[in-house]
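Enquirer: Could you build all of it, start to finish, from the sequences and the hints given here?
One letter stands for each residue in the lines below.
Protein chains: 2
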Amino acid sequence: MPKLLILSREPDEYKKLIRQADLPDLEIVAEFAECDVVLGEPRIIREHLPQLPNVKWIQSMYAGVEALTDPTLRRDYVLTNARGVFGELMSEYVFGYMLAHEKKIFERFKAQQAKKWDRFESGLLRGKTLGLLGVGSIGAHLAGTAKHFGMTVWGYSRGSERSTHVDRYFHPPPQPSPGGRGGIIEFANGLDYLVVVLPRTKDTDKIVDANLLDALPPHAILLNVGRGNAVDESALVEALEHGKIAGAVLDVTEKEPLPKDHPFWVTPNLLLTFHTSAMSYPEDITKLFVENYRLYIEGKPLKYRVDFERGY
Amino acid sequence: MPKLLILSREPDEYKKLIRQADLPDLEIVAEFAECDVVLGEPRIIREHLPQLPNVKWIQSMYAGVEALTDPTLRRDYVLTNARGVFGELMSEYVFGYMLAHEKKIFERFKAQQAKKWDRFESGLLRGKTLGLLGVGSIGAHLAGTAKHFGMTVWGYSRGSERSTHVDRYFHPPPQPSPGGRGGIIEFANGLDYLVVVLPRTKDTDKIVDANLLDALPPHAILLNVGRGNAVDESALVEALEHGKIAGAVLDVTEKEPLPKDHPFWVTPNLLLTFHTSAMSYPEDITKLFVENYRLYIEGKPLKYRVDFERGY
Numbered sequence: 001m002p003k004l005l006i007l008s009r010e011p012d013e014y015k016k017l018i019r020q021a022d023l024p025d026l027e028i029v030a031e032f033a034e035c036d037v038v039l040g041e042p043r044i045i046r047e048h049l050p051q052l053p054n055v056k057w058i059q060s061m062y063a064g065v066e067a068l069t070d071p072t073l074r075r076d077y078v079l080t081n082a083r084g085v086f087g088e089l090m091s092e093y094v095f096g097y098m099l100a101h102e103k104k105i106f107e108r109f110k111a112q113q114a115k116k117w118d119r120f121e122s123g124l125l126r127g128k129t130l131g132l133l134g135v136g137s138i139g140a141h142l143a144g145t146a147k148h149f150g151m152t153v154w155g156y157s158r159g160s161e162r163s164t165h166v167d168r169y170f171h172p173p174p175q176p177s178p179g180g181r182g183g184i185i186e187f188a189n190g191l192d193y194l195v196v197v198l199p200r201t202k203d204t205d206k207i208v209d210a211n212l213l214d215a216l217p218p219h220a221i222l223l224n225v226g227r228g229n230a231v232d233e234s235a236l237v238e239a240l241e242h243g244k245i246a247g248a249v250l251d252v253t254e255k256e257p258l259p260k261d262h263p264f265w266v267t268p269n270l271l272l273t274f275h276t277s278a279m280s281y282p283e284d285i286t287k288l289f290v291e292n293y294r295l296y297i298e299g300k301p302l303k304y305r306v307d308f309e310r311g312y
Numbered sequence: 001m002p003k004l005l006i007l008s009r010e011p012d013e014y015k016k017l018i019r020q021a022d023l024p025d026l027e028i029v030a031e032f033a034e035c036d037v038v039l040g041e042p043r044i045i046r047e048h049l050p051q052l053p054n055v056k057w058i059q060s061m062y063a064g065v066e067a068l069t070d071p072t073l074r075r076d077y078v079l080t081n082a083r084g085v086f087g088e089l090m091s092e093y094v095f096g097y098m099l100a101h102e103k104k105i106f107e108r109f110k111a112q113q114a115k116k117w118d119r120f121e122s123g124l125l126r127g128k129t130l131g132l133l134g135v136g137s138i139g140a141h142l143a144g145t146a147k148h149f150g151m152t153v154w155g156y157s158r159g160s161e162r163s164t165h166v167d168r169y170f171h172p173p174p175q176p177s178p179g180g181r182g183g184i185i186e187f188a189n190g191l192d193y194l195v196v197v198l199p200r201t202k203d204t205d206k207i208v209d210a211n212l213l214d215a216l217p218p219h220a221i222l223l224n225v226g227r228g229n230a231v232d233e234s235a236l237v238e239a240l241e242h243g244k245i246a247g248a249v250l251d252v253t254e255k256e257p258l259p260k261d262h263p264f265w266v267t268p269n270l271l272l273t274f275h276t277s278a279m280s281y282p283e284d285i286t287k288l289f290v291e292n293y294r295l296y297i298e299g300k301p302l303k304y305r306v307d308f309e310r311g312y
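As they're listed, the protein sequences go chains A and B. Residues in the first sequence are numbered consecutively from 1, following this note's numbering. Residues in the second sequence are numbered consecutively from 1, following this note's numbering.
Since the hints were made in silico from the structure, they are not lab data. Since the structure is predicted, the reported quantities are computational estimates derived from the model, not experimental observations. Hints are not guaranteed to be accurate.
It does not matter which identical chain is used: a pair holds within one copy or between any two.
Result set (BS3-like, lysine-lysine): computed pairs, CA atoms no more than 30 Å apart in a straight line [said to hold, decoys possible]: (1) 104 / 244; (2) 115 / 255; (3) 206 / 116; (4) 255 / 202; (5) 115 / 104; (6) 15 / 3; (7) 303 / 3; (8) 104 / 260; (9) 260 / 115; (10) 244 / 115; (11) 16 / 128; (12) 104 / 300.
Expert: Written out as structure tokens, the structure reads:
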């Protein structure tokens, strides 16, 4: 009989939803030593990893599992993360900010405050090019929304070409040459919007660096909804202060909460959103857990399994 | 040989595009008396209506043609308006403002200005209900975008049920009873967002009145992208000042430009966007003119014909 431990800051909501799902044979337990299944937040699970002698499967409530793929930690269990549930949430966020930029929502509000009936023209997403740095399940969803709005979509990914909504794919070269960046510069050259949707791994550190920012057109906007490590923060401050790109929207930063003395608080044309772009809703996560639990008790391979080496 | 007169504030762009289209037999003329076809902006055409003795067909560059359907004016020609081209533009605008509201874009910017890493939660369009007051081609397009974002869509229209993306239709009663509002109150009761996409006609005057605003839930947001006459402006100020609804986004007002002393400039939770939600792009309008011109020279019925009596 599977024994589930829930490690979350809001366990009661999860307990209620999982009880409602009425899963066969499942018992919810409170003892670390007893459980073979864990559903929880990666950072909380990490603290308790040594106290889980019988754990066979851990389902993360988040997409980002870097707290658990750290090579110093045990890997003797199956780790699955949350996938497929954040695409629609991210899409609302990304298109909210891109449309706010095109429709000049802040500028119009200023005109209103000045009591000026000012008919300056809006821009359009239609016809513009969105670049996805990372084309996993979230990127694929963003690509679908971009198509709905008549955009061209380019994708830069390690290998996958999973989204049919991506018009053109770019990949890093199979054998990285010294200083070589593969097609990433050509990719950046053609974009109106660059959306970073990468997990935190050693390969994604500062992938958005001064060269990449230089390659973006001056009217381009950067959005980072993945992890803060992907952006070289000094290079971004430089690029925004010198108008090398038109703006940035950052949901994530290298350090969170952002330190009080960080330049991002006052960098021009930079908007911060404090890691709120896609909350984990217990209803979504429970649905995904239930789906995987049914596979677990039948001894079938679980969905959304994380490759510890790759980091996602 | 058809003779076209262009009546626009930017005729050169139209001339260029129409010449490029290389339409059979078409001559672009500059004399009012010569032309049988007019392509133009309704207000400019209205001024010159008496000087167009031979006009047979007028293609409006705008959707709203109230300047030409005024019963005091001649109706001895075929009037067609611009349809099908504004849906995507309006969709960018409406979803831009709805997403800005859900994602709390203004509030987050305030937190950033105060250097506060404040993780207050965003709302979601997913699962919310959008009500369309008017379900023509623009409303139908908005309904499609709403479905992409996982919303429920209700539509209130005189008769048509043209969009398959509308989950539930409401209609006025066939015989209006004294004081009766048909299903409009029930319609308003269930909405999170009310988007007004109505033409200016005698039937749409102040359709959004105190009763309708009272029927909206207190968290509801009103967006008007049709014509200013549809909203009782005093009732809206009242509703916003007393928190009867959560906000309003007005692209149109009864008087435009909005008079300097109008209360809307300082009404709480009201955003003005100065009639910019959907510009007429010469490329879009020319495409539509070309399509209708081909029908015209073949003597076939034109598309997007306006019913003078109905007003759209």
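Enquirer: Could you tell me which of the hints above the structure violates, numbers in ascending order?
Expert: When the structure is compared with the hints, only number 12 turns out to be violated.
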